[in-house]
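Protein chains: 4
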Amino acid sequence: MSTIKKVVLAYSGGLDTSAIIPWLKENYDCEVIAFVADVGQGEEELVGIEEKAIASGASACYIADLKEEMVSEYIYPSLKTGAMYEGKYLLGTSMARPIIAKAQVECALEVGADALCHGCTGKGNDQVRFESAFAALAPHLKVIAPWREWDLRSREALLDYLAERKIPCTASLEKIYSRDANAWHISTEGGVLEDTWNQPNELCWVWTVDPEQAPDQAETVTLMVEKGEVTAVDGQAMSPYQVLTTLNEKGSRHGVGRIDIVENRLVGMKSRGCYETPGGTIMMEALRGVEQLVLDKDCFEFREELGLKASHLIYDGRWFTPLCKSILAAADELAEAVTGEVVVKLYKGQATVVQKRSINSLYSEEFATFGEDDVYDHSHAGGFIRLYSLSSRIRALNEKKQK
Amino acid sequence: MSTIKKVVLAYSGGLDTSAIIPWLKENYDCEVIAFVADVGQGEEELVGIEEKAIASGASACYIADLKEEMVSEYIYPSLKTGAMYEGKYLLGTSMARPIIAKAQVECALEVGADALCHGCTGKGNDQVRFESAFAALAPHLKVIAPWREWDLRSREALLDYLAERKIPCTASLEKIYSRDANAWHISTEGGVLEDTWNQPNELCWVWTVDPEQAPDQAETVTLMVEKGEVTAVDGQAMSPYQVLTTLNEKGSRHGVGRIDIVENRLVGMKSRGCYETPGGTIMMEALRGVEQLVLDKDCFEFREELGLKASHLIYDGRWFTPLCKSILAAADELAEAVTGEVVVKLYKGQATVVQKRSINSLYSEEFATFGEDDVYDHSHAGGFIRLYSLSSRIRALNEKKQK
Amino acid sequence: MSTIKKVVLAYSGGLDTSAIIPWLKENYDCEVIAFVADVGQGEEELVGIEEKAIASGASACYIADLKEEMVSEYIYPSLKTGAMYEGKYLLGTSMARPIIAKAQVECALEVGADALCHGCTGKGNDQVRFESAFAALAPHLKVIAPWREWDLRSREALLDYLAERKIPCTASLEKIYSRDANAWHISTEGGVLEDTWNQPNELCWVWTVDPEQAPDQAETVTLMVEKGEVTAVDGQAMSPYQVLTTLNEKGSRHGVGRIDIVENRLVGMKSRGCYETPGGTIMMEALRGVEQLVLDKDCFEFREELGLKASHLIYDGRWFTPLCKSILAAADELAEAVTGEVVVKLYKGQATVVQKRSINSLYSEEFATFGEDDVYDHSHAGGFIRLYSLSSRIRALNEKKQK
Amino acid sequence: MSTIKKVVLAYSGGLDTSAIIPWLKENYDCEVIAFVADVGQGEEELVGIEEKAIASGASACYIADLKEEMVSEYIYPSLKTGAMYEGKYLLGTSMARPIIAKAQVECALEVGADALCHGCTGKGNDQVRFESAFAALAPHLKVIAPWREWDLRSREALLDYLAERKIPCTASLEKIYSRDANAWHISTEGGVLEDTWNQPNELCWVWTVDPEQAPDQAETVTLMVEKGEVTAVDGQAMSPYQVLTTLNEKGSRHGVGRIDIVENRLVGMKSRGCYETPGGTIMMEALRGVEQLVLDKDCFEFREELGLKASHLIYDGRWFTPLCKSILAAADELAEAVTGEVVVKLYKGQATVVQKRSINSLYSEEFATFGEDDVYDHSHAGGFIRLYSLSSRIRALNEKKQK
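Chains as they are written, first to last, in UniProt numbering: chain A, 1 to 403; chain B, 1 to 403; chain C, 1 to 403; chain D, 1 to 403.
By construction, these hints were calculated from the structure, which means they are not laboratory data. Don't take each hint at face value.
Heads up, the list lumps identical chains together, so a pair's fine if it works in one copy or across two of them.
[As the list claims (entries may be wrong)] Below are the SDA-like pairs computed for lysine to any residue, each with C-alpha atoms no more than 25 Å apart in a straight line: (1) Lys-88 with Ile-261; (2) Lys-166 with Asp-114; (3) Lys-227 with Asn-360; (4) Lys-25 with Glu-249; (5) Lys-227 with Thr-3; (6) Lys-400 with Ser-364; (7) Lys-142 with Tyr-28; (8) Lys-88 with Asp-332; (9) Lys-175 with Asn-201.
Model the full assembly from the supplied sequences, consistent with the hints where possible.
Rendered as structure tokens:
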């Protein structure tokens, strides 16, 4: 093992990263700095976290509030592309990784560390996302991934490891479901979900109410969209993070934003998860609603292609690449016109745009309907069709001739 | 106007095509054959249609039952691609046009007609779809599109036109909403929908119950999928058309398959419609569920690209083109593995896959979860990540060196 | 015909637009302003053009020098995308149309005209390019396309038309080949080219020497590329237009940049042309050479996709659309790294990059070759391959099990 | 190291695989079967190869003649897609790997081996291509990649290794360039090429004459193309492999098919190579020539997209995947119409189609030229343009209104 003096660990306060602190010190004989990213995972996870880190052996613990930045610099740009991984997943976990990695790198540079460490397992996507960001942002720093090195293979082993070292830990032995949360989403994996023929049960959902238990009364919410970004809710101007938390609250109440998906991990195998993205689902629906009014046919199709591409880039941890910049620049350009207002109805698990309008709307009652107008003459269509189908006609005449 | 002796009209029995028959005879001095395509638009539209056609002046009326063929030869192949126009629309009207046009051409060739006629308006997509099919299948036949020729400009004018000729007609003067139906879907346009800031009202929906009025009790339905096609419902093997009608019935009862969309027409303007595709929505959800199990990452992405492309081809009336054949061939190949069983839950407007399994499933509890296994070693990930992020690393080292 | 008071005509001084001036005055009873765009079509076409326009009946003639702007604002951005229409065509005619149309619109707004006119025929692409630009830039101005209106159907008819009006014209009766030129390219259509089984003859090529007659001695030229733009030739810093003319001269001498293509026109039929783009071919080759050094695998692939898309947008006259802006923004982002130096060898019709280097080069002798190094360890590959082929492995194991 | 009894080695007779035989026996204590694939790499490499293998310690040596199969089952399908990796590379090495791997697997299954071995280095693409094929075709067999295991790090070490074991070997100590050849191409890497600022020298090219030394007299060759496959040369019907060798001979004589490229390897770094594909370059040019006649605009664009995708699939060793099957099926469908005849001119390094014709040609002198005809009316264009640019017009009117 190479010589390392000071390592900055992405620390969550959970069982894994608690064990990593002493393990790093023992195996690398180095100082460990705990870095905590506040991405809206919830107060309960942050309370007393500094004390916990120190008690586990960290020489310092830094907490960075990344909540607003995550929404404005990562989530909003992604939403403009319309990225949904494999048609469904709003990329909740993926979206948080680059911003955490970037802040962790900044911390490492500041404290003069020579290594970075994360607690991601060796079968997941997150290790790739963290380490791809590290490679792009600080290629000279060493990376330690304990889960690919140590021989601790179970919660029991980890708890024993901590107990042996008399490091206090409140984690329970039994933990059926593994979860990840940030302001944008919460994910649940494991337990009954491991058999795809099982239905999710009530333990698979955390934030949102079961649609069947949601209010019988629908609720509407009005969103103001400016250049592809939600800027106000129900007439109230808000920061991006405020928009998200406000919509999370409303969406959760109506069971909005649940998906149960078997997805392709970047590392080659499939996994199943239940994801909740209540606010995100509402925003996505709202943006697409405004787009219906303002994007022409070709722009809409390209936006869909961009979303498909972006979904893979983001899922695969390629945020800090020239390709991602290029895709985001293209989406940003399309979003220039995406300004308008939509009313979204929330009811029993669904968010549906029921009203929409925009100063950039290409829809015109006058043009679309039956009668004559200035910009469109029925007779134009004849010529259009003739040219539009000309190659089919020539091909068919050709084939006829050959017979 | 060129000389035409016999024309085959795509006849629906409605006001427009009823007026077209005498108009054709008067303006082209030709024999008119009414051709009726039964694509599952409903018995009420077909009852007495032959008599009606004759009473309007047609010399003959042929009715072709295209229901099974439409589902098996047009809808099923489209579903394999995953085509949803502009992210939402299951292409209900679009899908019916090529099969009607093809059968109409066959009728024309059989009766020795020298022209084809349709009743589509000059601002819509359907004229393009019909005439593109005609160009590909019978480029030597003349095409007459009365709506682009005559000066009848309102329902009142059409009713007067018929009355003057003493042709009986039961159509009412007032018709706020224009609708199109076939086994796959029903669409509603006009009325309150013409202002995008208006919510749809109860007149905008025909087949499906309002989700808010749907049963409080969810229902599940089990679908068997073989090579991308639904072959059985709740254990009962069925023909494609039977599958569709069975699922239409179930879906409608739970308010499943409604969309309210502003879409880009092929002819350059936007229009708004409320579409209901209850059975189709369930099938689409079911197929995507099986795909989650059997398609790998790259296949899934390509299937999504094919769906995007196919959605435009089908919407734009390019079914009978080599490009469409090529896209369908690609999708067919991917669908080879799409075999499995899914349970779909219907509740208050939603169809959600809650259970799924497949003999071709690439998901494996053993591979996805925490522990070691034969095919995957945690340590593999280290090398993977290193190579995966190599260009980022080289780029970053390069940039560092330049500073 | 609607009332028009003053029309601005895109005037070339050739036979067609010379006849259009009196035709417009007679048929629209309006004032005609001749607008001449200097896009580098050559001095001989511009000499005395103002007098000619006045003699033909124009009330004024404005000449705009668009040469530098065309190269810097249209050609350079296009080159960053790598756009080659149908794999071969550097879009010489297409690229000039939007800039001419834009300047023509500006002229019309300045002189207070109420209409725009062009001399493009009714079977070509240029009418679409002009009128699409007009629609985007000045939708309120009327557009007159005489070739789609008048009944003049031959050069003879046009010459007679002018002679009857005693308008002097030096055009000859016989003109076998039709050509279009600007600083970027010259095209030749018609004559022997109308049969695809004919070889082009010496009349089909204008600027470039026949490769078989080109110097037996190869020549090299060194290009400096900065952010995707050629900024210096053989050590000499130059403006974009100077770069182009310098390379045109060099390329022509060696027979570089000829293509003989049957292409799909936007209006549905195919046409054949011989195009010469000597300088452009050298630049394209040079840019792609630098890209080989600096773009990673995914970026290179996306750049190719952008080029494919851009080739259609530009060919189809969709320059002034949000989609085009979006594509160009994406390409611009990728071009950020495209800085370097290349040596291009010119020999008997070919331009080949033989040397290349870049400060952003991701190529490293150290990494690519046999030995060990810091950033890459042979053993990493084992893990990479294992994960890379994991889904194939699982699929194959699955199939084995099923047997 | 796991227990292995019998391993089948992809044996070339070169230094590396000669050393691998004893190394396998010593390190795995197993029987080694040498498998030689004849993919047209040349007689000189095959002469006495069986004796050599036995002398090195192999218990048996099997030679499979894959030449015809390689061209008909791998190269021809690839050519239909138009695949050129990173715009230039005809995938010469990539294309041979899957067929070798497949035959090697078949050999292994026949002789009852439990492992497969290849001699690819740990920094290249070929290891991935071989092992991806193995994973798809025989996931149960172990794979041994000595270059990632042993500590032999130079030609000298390998020669010493063989000498110590008294295994005869004619390989020289000094070998500046590394080459790979099959019927389709020969590649050269290393030496002066390692600095991208160096020009290739005469040692970098093996098959083809220097264009500057090629005949001053151009030569033409006539190719018959049927459904995307070259079936005859100069009037002579030939098997695919015969076509290839015939065109290789002709192309080489004129210096056709050289490229000098810096490419992105799959494993993350860039490498530079000089590749010669004389026959392939002629065929590619010929196929694209016929396509110009028979593919409409949309088909041509999709074929280009397929080529782009296929280039990555083939380069990346993903031949035996459902995605590759899907792409090839799509290309096959498009190739249905690609039938015709072309004359290709060979001159000083270039292959240029100078004549082309096809019974499926959509080109028509009548349609493309000036005059009126039956299928196209000048006036159609007006309507086409109006609708084509409608969204631009509505957008622009909208913007005007907002001012």
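Here is what the structure says about each hint:
{"no.": "1", "hint": "Lys-88 with Ile-261", "result": "both (8 Å within a copy, 19 Å between copies)"}
{"no.": "2", "hint": "Lys-166 with Asp-114", "result": "neither (28 Å within a copy, 49 Å between copies)"}
{"no.": "3", "hint": "Lys-227 with Asn-360", "result": "within (11 Å within a copy, 34 Å between copies)"}
{"no.": "4", "hint": "Lys-25 with Glu-249", "result": "neither (42 Å within a copy, 65 Å between copies)"}
{"no.": "5", "hint": "Lys-227 with Thr-3", "result": "neither (50 Å within a copy, 40 Å between copies)"}
{"no.": "6", "hint": "Lys-400 with Ser-364", "result": "between (43 Å within a copy, 15 Å between copies)"}
{"no.": "7", "hint": "Lys-142 with Tyr-28", "result": "within (12 Å within a copy, 35 Å between copies)"}
{"no.": "8", "hint": "Lys-88 with Asp-332", "result": "both (22 Å within a copy, 23 Å between copies)"}
{"no.": "9", "hint": "Lys-175 with Asn-201", "result": "within (15 Å within a copy, 48 Å between copies)"}
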